[in-house]
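> Modelling step: build the complete structure from the supplied sequences, incorporating the hints.
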Amino acid sequence: MAGDAFDFSIPPFDRLTTPERAKVAAVADIAYYRPQEKVIQAGQPVDFLFVVMKGLVIERAGDEVITVYGAGDSFGAMALIHGAEAADCEAQEETLVHLLPRQLILDLCRSNGRFERFFTHSVSERLAERANVESARGMAAFMVARVHEAYLHPPITVPATTPLRDAAKLMKHHRATSLLVEHDDGRIGVLSGSDLREAALIHEKPLSTPVGDCATFGTIMIDADDFLFNAQVLMTRHSIRRLPVIRDGHVIGVLELLDLLSYMSSHSHLVAVQIDRAGTLPELAQAAQALDPLLTGLHGSGVKIRYIAEMVSDLSRKMQRRLYGFLATPELQQASCLMVMGSEGRGEQIAKTDQDNALILSDEVDPGSLRSLCEQFTEAMLTFGYPRCPGNMMVSNPEWCRTESQFRDELFHWIMTPSERSFLNLAAFLDGEAVAGDPLLLHRLRSYLFDRLTDNAGFLANFARPALSFDTPIGFFHQLVLERGERRGTIDIKKGGIFPVVHGVRALALEKHLHTCNTFERIEGLTGAGLFDAAFAADLTEALQFLMEMRLAARVQQNRLDAHGSDNYVQAAQLTKLQHDGLRDSLKIVKAFKQLVAHHFKLGSF
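The letter at position 270 of the sequence shown is residue 270 when you use our numbering, and the numbering goes up by one with no holes.
Think of the hints as simulated: they come from the structure by calculation, not from any bench. Quantities reported herein were computed from a predicted structural model and do not represent experimental measurements. Backbone N, C-alpha and C define an ideal beta-carbon position, used for all residues, glycine too. Among the hints, a few may not be true.
[Stated by the list, open to error] Lysine-lysine pairs mimicking DSS-like chemistry, simulated, CA-CA at most 27 Å apart:
(1) Lys594 <-> Lys495
(2) Lys494 <-> Lys304
(3) Lys591 <-> Lys512
(4) Lys304 <-> Lys318
(5) Lys54 <-> Lys38
[What the hints assert, rightly or not] Per label pair, the in silico range of CB-to-CB distance:
(6) Ile220 <-> Ile156: 15 to 21 Å
(7) Gln41 <-> Gln479: 53 to 59 Å
(8) Gly325 <-> Asp471: 44 to 50 Å
(9) Phe470 <-> Ala534: 24 to 30 Å
In structure tokens, the structure reads:
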């Protein structure tokens, strides 16, 4: 029995009176569950309300993840109070939960209306959210939460000269999982418990070894006033479990993954863990299948599409990095650079798009010797749900698996003999992002490209022209202009809105030699370069986000998250008043942006 350890600060237990809290404390028990152990079996009676103390539990309906419960979350109320059929609940990590008996919860509901309304509200929310295939906890609340609102572990800082033995004692005394290590030159590093164990047990370093020799420096940090969602993105991207939190340049605490997970409603970290733990291609393919439910769960949850796309792109890149690690030897990885292109390269992926990837090799590597490896990569991506690229921009195509010198010759050819194909290839290459191997190979080629295009106004104008190829579907009086014929009553938001912004911004970024690939970051860079004023940049950013959200909504509505879904068209008759007005205002901004591009590159009327 451990009732005195119950946390009454978490809802809805913060609504209990003192006598009611005493009842909880008297009967609350604790249960331990191993990873993958069932907490609730679907269809079986539920006798307790479960309150997570530590760990992670997922609720499933068949193979679909409904929601994730972290520290402070309670589950089982629907079956316990309302007699509904229970869903499977399974521990994903070592998990501790409080067990509150059914009769206790029923008595509290009868005596405390505020306590009862919490569960009534939660049930109605979950029913509505499940019907809409959304995550069961509101991502909107998570999105506005700041880092300092989460639990921050007190920072324990030691000099880099501290012996490992003293560090271990300090961690035990404070029950800490990590220490901050301060170097003489002012750098801050992190020494985790696993770092300490690895140094002492695996590398057999003496316990007198300074912690500075074992800590990780160049530590990624986050500001206390930053969004928790950005902390999640950083942890996913860099495969880390803790972030030092700073305010006014000073570390005020450490945010750990477990504490961040208590705010989360998506299962993005579970996908990342699946990818990291995959030891075979089938296991990696299974992790890849979790991306679609993640997208579906985040849709309509209040998360800005920019961050949804960034997270999904990061997870997809992580998966391809893992795949390349399966296929390529360490020596080859050091002598190559695997890059992704298109929306994935830009970090704007909202579904499993066509494969767009390339392999840059050091000049001493023979591309012909890698034909089998490249075919295996493409075939594996097919099993992961990524269709072949219609333009054949894939590593299995010898044109996209070349040495650095060969790619440099290709870039020269694309510039000197401009054509529609050359512009398509160049656009893809400009959006390339390194995901595995040596990123300097890509960086040098991009720098070469920028050097070749300095003061080449004619080429840049022709490259930008496709941004004006499609009419903006908005009339003189700002009414929406609908498609006719087979697509009667629809609007192609990709051709009419998304593509002109993405390609126009890409052309301007090329002119300004911006190395970043993400369209939103390019807009920020162009604003800094004086090309946009801040107000127009904000309008353009919001317009692009709205159009991307409409596109994702079309995909989800059609249940087509693959690259073959006819997701670019929206039915005008099905738009709500808010959607109609938002689409109209977004297309007005797109039209203004196209006028800016035309004027900037002297393209005349369009």
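> Checking each numbered hint in turn, tell me which of them this model violates, lowest number first.
Failing hints: none at all.
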